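Listed below, chain by chain, are the residues.
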Amino acid sequence: MNIVRIIFSYIIFPGFVFTAVVGLFLTWIDRKVTARIHWRVGPPWFQPYADFLKLLLKETMIPEGSSKTLFLLGPLLGLVGMSIFAVMLFNMNFNPSGSFVGDLIVIIYLLALPPIGIIIGGSASKNPLASVGASREMTLYFAYELPFLIALTSIILKAGGSIKFGEIILAQQAEGPFLYSISGVIAAVVIFLSIQAKLSFIPFDIPEAEQEIMAGPYIEYSGVALAIYKMTRAMMLFLLPLFLISVLWGGFANWWAILKLLLIIVLIILVKNTNPRLRIDQALKFFWVGIGTLSTIGLILAFYGL
Amino acid sequence: MGNAKLWGLKKSPWVFHLAAAPCNNCDIEILDLIAPRWDVERFGIVLIGSPRHADALLVTGVINRKTLPRVLRVYEQTPKPCLVIAIGACACSPNIFTPSYNVVGPYDKHMPVDVYIPGCPPKPETMIMGIIKALKRL
Ligand code: SF4
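Chains as they are written, first to last, in the working numbering: chain A, 98 to 403; chain B, 7 to 144.
Please note that a few of the clues may not be correct.
As the list claims (entries may be wrong) - In silico lysine to any residue, SDA-like type, Cα no more than 20 Å apart, as pairs:
1. A:Lys129 / B:Lys17
2. B:Lys72 / B:Lys17
3. A:Lys223 / B:Lys72
4. B:Lys11 / A:Gly320
5. A:Lys369 / A:Phe298
6. B:Lys142 / B:Asn9
7. A:Lys129 / B:Phe49
None of these hints come from the bench; they were simulated from the model. The structure displayed is predicted, hence computed values, not measured ones.
Bound conformation, chain A alone (with noise of 0.2 Å):
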């Protein structure tokens, strides 16, 4: 019974399905208000599932000369860490005292796995296109995660030192969410980039830069492997926020948190829609000096309780 209700939970709910029919919900969304922002009308609300159901009928192309395994490893990857994600962030929202242990450390190792698949896959596939996204894709890793666990540690900080996911809500529901002061608006600022960065949406859409190397890592992939890599994205777009929203925002156990998502969400989009690309070296620059000293003086002012 206890094993059917754990693979129920990785396959059905929160795990897999569900994620991947809110993400590729909210991806409509990204793309309506793209389109309203650009005076369209934009596609209708069916438009990804009719996308996803495409590519899953289509056939898979290998490319000739490539490693057939890891070009099919990498889409993968992604998809179990984010659907092991997701169950650890219901978990840990709807029952933070309860005995599962979920710590930040696995989280980011989690988060971690859709762009080592990413560069995995653009690695293997043996186009010259594929390899300048697949070595962006590593450069921007790089210059995201810096600040993003700098951020990560001052909530650990306010948190009175506890990586354990539970208690981090825990003492949110207890004193009130974290954002509510400022080193927690400096990491909502830093984790909100950070994110920005890890869906690669403009103004960091930099491995796939559509304008200069087509579509970057995903350039030979078709099919269900293309569709894979579309719903992990399409996945994080939902769970990140959420993620966001359980650090920083008091948790996701309440209605409240339906808004407090789109809200995020619609930032993130119009951030996409008001900037143009940075070069990958700007990108470096920004996070680890900009964005980096940012998180750093966040991290000093949770130290003394700010």
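Use these hints to put chain B with the ligand onto chain A, whose structure you have.
Structure of chain B with the ligand alone, referenced to chain A:
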């Protein structure tokens, strides 16, 4: 299963723009399609950058000895099923260039073409009408 496949293909045809030596006027008209005025994303049509992701190839221009092998290669790289849409008088027939030594004939001599959209260049409305008619007939 077949119905689902067809529905998905009809509702989200991603197009790859294959310019094989056109005069570029057809290309400009194609780019009009994705701009706000005609906005073909309403029908789920998206312009993408890699033939691997494509469901339809928009071919423009007169095919000649140099471009023929490249065009065929892109056609082979596109995962099937895929539509080939010939846009402009140049792609439907070699237009005024027929007597040239370098022209190797219209597209349908070398690969199956599903839709012909004549005009020099065709209006965006014409292209939308052609694509929608072709999708309806599928
Ligand atoms: S059909 Fe006309 S507009 Fe189009 S490529 Fe040929 S000459 Fe140019």
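Here's how the hints hold up against the structure:
1. A:Lys129 / B:Lys17: holds (16 Å)
2. B:Lys72 / B:Lys17: Measuring from Cα to Cα gives roughly 35 Å; hence the hint is violated.
3. A:Lys223 / B:Lys72: violated (25 Å)
4. B:Lys11 / A:Gly320: holds (12 Å)
5. A:Lys369 / A:Phe298: holds (6 Å)
6. B:Lys142 / B:Asn9: Roughly 13 Å separates the two Cα atoms, so the pair holds.
7. A:Lys129 / B:Phe49: Holds - the C-alpha atoms of phenylalanine 49 of chain B and lysine 129 of chain A are around 13 Å apart, at most 20 Å.
Checked against the numbered hints above, the structure violates hints 2 and 3; every other hint is satisfied.
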